[in-house]
Amino acid sequence: EDQVTQSPEALRLQEGESSSLNCSYTVSGLRGLFWYRQDPGKGPEFLFTLYSAGEEKEKERLKATLTKKESFLHITAPKPEDSATYLCAVQHQGGSEKLVFGKGTKLTVNP
Amino acid sequence: GAGVSQTPSNKVTEKGKYVELRCDPISGHTALYWYRQSLGQGPEFLIYFQGTGAADDSGLPNDRFFAVRPEGSVSTLKIQRTERGDSAVYLCASSRLAGVGYEQYFGPGTRLTVT
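Sequence lines, in order, name chains Z and Y. Residue numbers for the first sequence follow this note's numbering, beginning at -3 and rising by one. Residue numbers for the second sequence follow this note's numbering, beginning at 12 and rising by one.
Derived by calculation from the structure, the hints in this document are not laboratory data. No residue lacks a Cβ here, since even glycine has one placed at the ideal position from N, Cα and C. Possibly wrong hints are sitting among the right ones.
As the list claims (entries may be wrong) - DSS-like, lysine-lysine: derived pairs with alpha carbons at most 27 Å apart:
1. Z/Lys53 / Z/Lys64
2. Z/Lys38 / Y/Lys26
3. Y/Lys22 / Z/Lys99
Unchecked claim - Selected chain Z positions facing chain Y (in silico; Cβ < 7 Å):
4. Pro4
5. Phe42
6. Thr45
7. Phe68
8. Glu93
9. Lys94
10. Lys99
11. Gly100
12. Lys102
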């Protein structure tokens, strides 16, 4: 059974204090690993898809990386508007399109 | 362009009642997904449509839950004999096609409260 574990559950940073969020996964053949951002009361907003170990993708202050067992979401010099819950999800090979999500990391960036 | 829309945004119902939740996908998207999210949890897959047919309904918790997409666009999630444990945010997502490289885009969700 596919499993996704995110850590830490919650993270508080000062504005400008860089850090990383972790997503560990167990999947029978990874087809894709996805990062989403979710603001309170809203649906998840797509950020990145990673397909193979060694792949990296960047968007503004965010960079996602992937190994065979985990993914990291690096946040460089965060701003208060980066405060949100960050969700990681995996999709396995074999035909199903469903995403299996972790519980998320709630990030708070203080000014 | 317009994103995924869901109606109603909030629904309060009594235990035992029937409810319908509606999802309008992004125009032109052929794949549609339903997820359920409880407080403090990530979304949990329910069902996925490719066109009009349910391609994977393995996440539906029991036979009180049913979903349709009769014309390959709008979808309705139907819950019979609601229970308090059904209270959650029901999220709908769509993608242009199904398969590698097609990301799922989510709507704002319907918050269902069963009293």
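Going down the list of hints, with the structure as the test:
{"no.": "1", "hint": "Z/Lys53 / Z/Lys64", "result": "16 Å, holds"}
{"no.": "2", "hint": "Z/Lys38 / Y/Lys26", "result": "26 Å, holds"}
{"no.": "3", "hint": "Y/Lys22 / Z/Lys99", "result": "24 Å, holds"}
{"no.": "4", "hint": "Pro4", "result": "14 Å, violated"}
{"no.": "5", "hint": "Phe42", "result": "5 Å, holds"}
{"no.": "6", "hint": "Thr45", "result": "6 Å, holds"}
{"no.": "7", "hint": "Phe68", "result": "18 Å, violated"}
{"no.": "8", "hint": "Glu93", "result": "5 Å, holds"}
{"no.": "9", "hint": "Lys94", "result": "4 Å, holds"}
{"no.": "10", "hint": "Lys99", "result": "5 Å, holds"}
{"no.": "11", "hint": "Gly100", "result": "6 Å, holds"}
{"no.": "12", "hint": "Lys102", "result": "9 Å, violated"}
Checked against the numbered hints listed earlier, the structure breaks hints 4, 7, 12; every other hint is satisfied.
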